[in-house]
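Make the full structure from the sequences, and use the hints.
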Amino acid sequence: MSDRASLAERAADQLDERLGLAGGLRRQLNKVFPDHWSFMMGEIALYSFIILLLTGTYLSFFFDASMGEVRYDGSYTPLHNVEMSRAYASTLKISFDVRGGLVIRQIHHWAALLFLAAMTIHMLRMFFTGAFRKPREINWLIGITLITMGLLEGFAGYSLPDDLLSGTGLRIASAIMLSIPVIGTWLYFLVFGGDFPGTEIVGRLYILHVLLVPGIILVLIAVHLALVVMQKHTQFPGPGRTENNVVGERIYPIYGAKAGGFFMLVFAVMALLGGIFQINPVWLYGPYNPAQVSAGSQPDWYIGFLEGSSRIFPSWEIHLWQHTLPPLFWPTVVLPGIMFTLAALYPFIEARLTRDRALHNLLQRPRDVPVRTSLGAMALSFYLVLWLSGGNDIIAAKFDISLNATTWVGRIGVIVVPPLAYLMTYRICLGLQQHDREVLEHGVETGIIKRLPSGEYVEVHQPLGPVDEHGHGVLEYAGAAVPKKMNRLASAGRRVHGFFAPVEEPAPVEEPVMDEELERRELAGRPSDPNA
Amino acid sequence: MSEREGSQREREMSEREGSHGSHPAPIERQLDRMTPAEAMRAGAELDGVHIVHKRERFPVPGTKAERRAERAVALCFVLTFVAVVAFTVIFIAAPWHYSLTDNSYTWFTPLLGLTMALALAGIGVGAVLWAKWLMPEEEAVQDRHDGRSPEVDRQTTVATLVDGWNDTGLARRSVLKRAFGLGVGALGALAIVPLGGFIKKPKDELVSTPWKAGLRLVDMGGRPIRPGDMMPGSLATVFPGVPGGLKAPDAPTMLIRLRPGQTVQPRPGQEDYGWEDYVAFSKICTHAGCPVSLYEQQTGRILCPCHQSQFDVTLDAKPVFGPASRSLPALAITVDADGYFVAKGDYREPIGPSFWERP
Numbered sequence: 001m002s003d004r005a006s007l008a009e010r011a012a013d014q015l016d017e018r019l020g021l022a023g024g025l026r027r028q029l030n031k032v033f034p035d036h037w038s039f040m041m042g043e044i045a046l047y048s049f050i051i052l053l054l055t056g057t058y059l060s061f062f063f064d065a066s067m068g069e070v071r072y073d074g075s076y077t078p079l080h081n082v083e084m085s086r087a088y089a090s091t092l093k094i095s096f097d098v099r100g101g102l103v104i105r106q107i108h109h110w111a112a113l114l115f116l117a118a119m120t121i122h123m124l125r126m127f128f129t130g131a132f133r134k135p136r137e138i139n140w141l142i143g144i145t146l147i148t149m150g151l152l153e154g155f156a157g158y159s160l161p162d163d164l165l166s167g168t169g170l171r172i173a174s175a176i177m178l179s180i181p182v183i184g185t186w187l188y189f190l191v192f193g194g195d196f197p198g199t200e201i202v203g204r205l206y207i208l209h210v211l212l213v214p215g216i217i218l219v220l221i222a223v224h225l226a227l228v229v230m231q232k233h234t235q236f237p238g239p240g241r242t243e244n245n246v247v248g249e250r251i252y253p254i255y256g257a258k259a260g261g262f263f264m265l266v267f268a269v270m271a272l273l274g275g276i277f278q279i280n281p282v283w284l285y286g287p288y289n290p291a292q293v294s295a296g297s298q299p300d301w302y303i304g305f306l307e308g309s310s311r312i313f314p315s316w317e318i319h320l321w322q323h324t325l326p327p328l329f330w331p332t333v334v335l336p337g338i339m340f341t342l343a344a345l346y347p348f349i350e351a352r353l354t355r356d357r358a359l360h361n362l363l364q365r366p367r368d369v370p371v372r373t374s375l376g377a378m379a380l381s382f383y384l385v386l387w388l389s390g391g392n393d394i395i396a397a398k399f400d401i402s403l404n405a406t407t408w409v410g411r412i413g414v415i416v417v418p419p420l421a422y423l424m425t426y427r428i429c430l431g432l433q434q435h436d437r438e439v440l441e442h443g444v445e446t447g448i449i450k451r452l453p454s455g456e457y458v459e460v461h462q463p464l465g466p467v468d469e470h471g472h473g474v475l476e477y478a479g480a481a482v483p484k485k486m487n488r489l490a491s492a493g494r495r496v497h498g499f500f501a502p503v504e505e506p507a508p509v510e511e512p513v514m515d516e517e518l519e520r521r522e523l524a525g526r527p528s529d530p531n532a
Numbered sequence: 533m534s535e536r537e538g539s540q541r542e543r544e545m546s547e548r549e550g551s552h553g554s555h556p557a558p559i560e561r562q563l564d565r566m567t568p569a570e571a572m573r574a575g576a577e578l579d580g581v582h583i584v585h586k587r588e589r590f591p592v593p594g595t596k597a598e599r600r601a602e603r604a605v606a607l608c609f610v611l612t613f614v615a616v617v618a619f620t621v622i623f624i625a626a627p628w629h630y631s632l633t634d635n636s637y638t639w640f641t642p643l644l645g646l647t648m649a650l651a652l653a654g655i656g657v658g659a660v661l662w663a664k665w666l667m668p669e670e671e672a673v674q675d676r677h678d679g680r681s682p683e684v685d686r687q688t689t690v691a692t693l694v695d696g697w698n699d700t701g702l703a704r705r706s707v708l709k710r711a712f713g714l715g716v717g718a719l720g721a722l723a724i725v726p727l728g729g730f731i732k733k734p735k736d737e738l739v740s741t742p743w744k745a746g747l748r749l750v751d752m753g754g755r756p757i758r759p760g761d762m763m764p765g766s767l768a769t770v771f772p773g774v775p776g777g778l779k780a781p782d783a784p785t786m787l788i789r790l791r792p793g794q795t796v797q798p799r800p801g802q803e804d805y806g807w808e809d810y811v812a813f814s815k816i817c818t819h820a821g822c823p824v825s826l827y828e829q830q831t832g833r834i835l836c837p838c839h840q841s842q843f844d845v846t847l848d849a850k851p852v853f854g855p856a857s858r859s860l861p862a863l864a865i866t867v868d869a870d871g872y873f874v875a876k877g878d879y880r881e882p883i884g885p886s887f888w889e890r891p
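These protein sequences, in sequence, are chains A and B.
The working numbering puts the first residue of the first sequence at 1, with every later residue one more than the last.
The working numbering puts the first residue of the second sequence at 533, with every later residue one more than the last.
Hints listed in this document are in silico derivations from the structure and should not be mistaken for laboratory results.
There may be inaccurate statements among the hints.
The calculated BS3-like cross-link candidates involving lysine-lysine, where the alpha carbons are at most 27 Å apart (straight line), are [unchecked claim]:
(1) B:K664 <-> A:K485
(2) B:K779 <-> A:K93
(3) B:K586 <-> A:K232
(4) A:K232 <-> B:K664
(5) B:K850 <-> B:K744
Chain B residues, not near chain A, derived (Cβ > 10 Å throughout) [said to hold, decoys possible]:
(6) D695
(7) A718
(8) G754
Simulated restraints, written as ranges between beta carbons of each label pair [to be verified]:
(9) B:A569 <-> A:F340: 44 to 52 Å
(10) A:A222 <-> B:E669: 28 to 36 Å
(11) B:D634 <-> A:P336: 42 to 50 Å
(12) A:L15 <-> B:A718: 40 to 48 Å
(13) A:R411 <-> B:A606: 55 to 63 Å
A virtual CB, placed ideally from N, CA and C, is assigned to each residue, including glycine.
Next up, the structure:
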């Protein structure tokens, strides 16, 4: 044991003599990370990307990105002697003739769905808590770029097998390119190297999918994380937490152990999904054939909003001086362009309108910023109407509704629902704000009914802190969660333990008191003994 | 530089020195007398990290509760070992080849996924529980210094940049500056010009298809079709009877036999496109290029499964609902001397989605 220790010491000593890393290493080990369940979304995105790199590398050893025709002679007998591209045949090979290949392929696909989902939810968390505000606008822009790159990467990936479903998706993509005014046909011939489908597109998508786009994503993630390290993580307001500090656990060892374990858990869920839940069974679809399509064809979830927008957009074709502007152009090029531009610019728009030029490291509770929260709800409901419209044929079939009615619901809903969402969210935010103040003033309802000597019944309220001569709480709202139930009293203002339900803990034996300032803040967010 | 500015810089520099925490750096002599825990705290203070709360989860070592927690965490790691063994055994020994008669291969992938998940979850749950149950409870506060750089850094950096720029002499050597700009700009073009290899001039592929006058209509198996082959109200996908016709992306055509009593109101100029009760339309949707496939013979409607555009056959495949804006192009057909369907020519308009150059 001591031999090993001394060996490690000697190695570390030799390294440090050459590189002088000790101080920097200690600073990184001591880095403090705040802990909140909502901060895990970005982590999930990162972990799913790592899973994608691992499984994708494995798949690339077997996949043949060629559109050359072969007659299938592999193990999957139902497709014997069918003519297909090498891309499709090698996907069948991975699924049936590579031992364990199918589970890796399915993990890869599930992880891709998770990657996009985690990035999207991570973005929503950033938005609704105001984490994008100065000084973090750069990371917001990088995040938006990462999501667009993720969409491109996902689309390129699921187009590779050259099966009936992905080929149909590619044909729609080709129509979207054609719809662009002036340069549309040129772009179409440039991308496909001729008329659709040509013989080059799978090879081109492959190099985009395995080199170019993942390379860009990797660099952007590296910068994204480096900025988080440089600027330090945001935190929710609470006792002892200020704009000028970070309260949490150090990376080494506790936070690191939790994060490493969490990576394994994300990977475990992906392995379970990849093993048990079939995804993209391309052998059931058959090879791509421009004359065939199956009913209920659906893209991966993250393309659904574009599918929906093209379904509900009216058939408005514009003719200009012997030229045509197809209806497909608006919902698939202009609309996502506007959506992503607005999202990217939002931090700057908000700063301009609120004239807020301060640096912010403390997060906001969504209810405390009703306008932003309502705008977010509006954008989210707009997206959801589009997304649901992308599956309107499935909804119509499953619920036995007229297909055309579901289209009309989408057309009207996309205009009517967002403003309603804005109004409702705004009222909910105000209501929640008011409730916070009410509890701070009158205390928590205890459920205990007391009968006064006069015969009057009153409910006993538990004050959250010191009270004035009228029995009203004197605590000010400090941006932290206010306990609303008796068994949440101990959780007031501290980080919420547990995901779905708070974990109850015995009262702490010793209170970490650093100075009077901290003590005062502690009182502001935490109930004290009313008898004291 | 004025004296006031100088003293301000000094002050900022001294503030910056002190920003590593209020504690002075421990000298080596003190370090020798420190326990590792004390040295760790001293190092943390150097990094502006104050450990305000640190408590062992089990203040009394060796209690039953602690041993129970330790055993549970250890069990998680052992589970990983067992799961990896199971994964390996299944990987090597379980049947996995596809078979039409024996379904046992269908267990292979789920079992691999399950054991892999167990192996990963064992380490994952173990690590998280380890941190939560056995590692000390800790609350650390790290100082944050954000915002702009100290004034001295800002000004000296700007000065360095300006001085370097002056050293290049570009400010006064305007000829050199312009020539340099010209050369570098040209290099940028050099990076773009080779991309011209991607460009293909759009040719008439978008406006023509393999269909020609006299080409037989063949089914997916390449067999020609006679008028008697189809039931009233039915639809068949047909292709031009030329080599490669079955695979051509712009050739698929729907041959529809109308039901008795159903008539088509032809678009102007297409009055003689059908043959008796047969009509033929391009199968490629004019919206986004999917094959329109779902034919409802009762109403004579064709539905595209991609974006739900609907075309009415009795109105000469005019779009009646959904995002499509153009009728499906009709193919003029007739019957040749041998009694097989043939095309009377190519489509008279481009098939598939619209594009800019299309009038």
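* May I ask you to test the hint 42 to 50 Å on the CB atoms belonging to B:D634 and A:P336? => holds (48 Å)
* **Non-interface claim for B:A718, where every Cβ of chain A lies beyond 10 Å** => holds (24 Å)
* **Distal placement of B:G754 relative to chain A, Cβ over 10 Å** => holds (13 Å)
* **27 Å Cα cutoff - pair A:K232, B:K664** => holds (23 Å)
* **Least C-beta distance from B:D695 to chain A larger than 10 Å** => holds (27 Å)
* Is the straight-line distance between the alpha-carbon of B:K586 and that of A:K232 27 Å or less? -> holds (22 Å)
* Is the hinted range of 55 to 63 Å satisfied by the C-beta distance from A:R411 to B:A606? -> For B:A606 against A:R411, whose Cβ atoms are near 60 Å apart, the range 55 to 63 Å holds.
* Are B:K779 and A:K93 close enough, with their CA atoms no more than 27 Å apart? -> holds (23 Å)
* Going straight from one Cα to the other, do B:K850 and B:K744 come out at no more than 27 Å? -> Within the cut-off at roughly 24 Å; holds.
* **Distance restraint hint 40 to 48 Å, applied to the beta-carbon atoms of A:L15 and B:A718** => holds (46 Å)
* Quick one: are B:A569 and A:F340 within 44 to 52 Å, going by C-beta? -> Roughly 51 Å apart at Cβ, these two residues keep to the hinted range, so it holds.
* Can the suggested window of 28 to 36 Å be confirmed for the beta-carbon pair A:A222 and B:E669? -> holds (33 Å)
Hint compliance for this structure: every hint is met.
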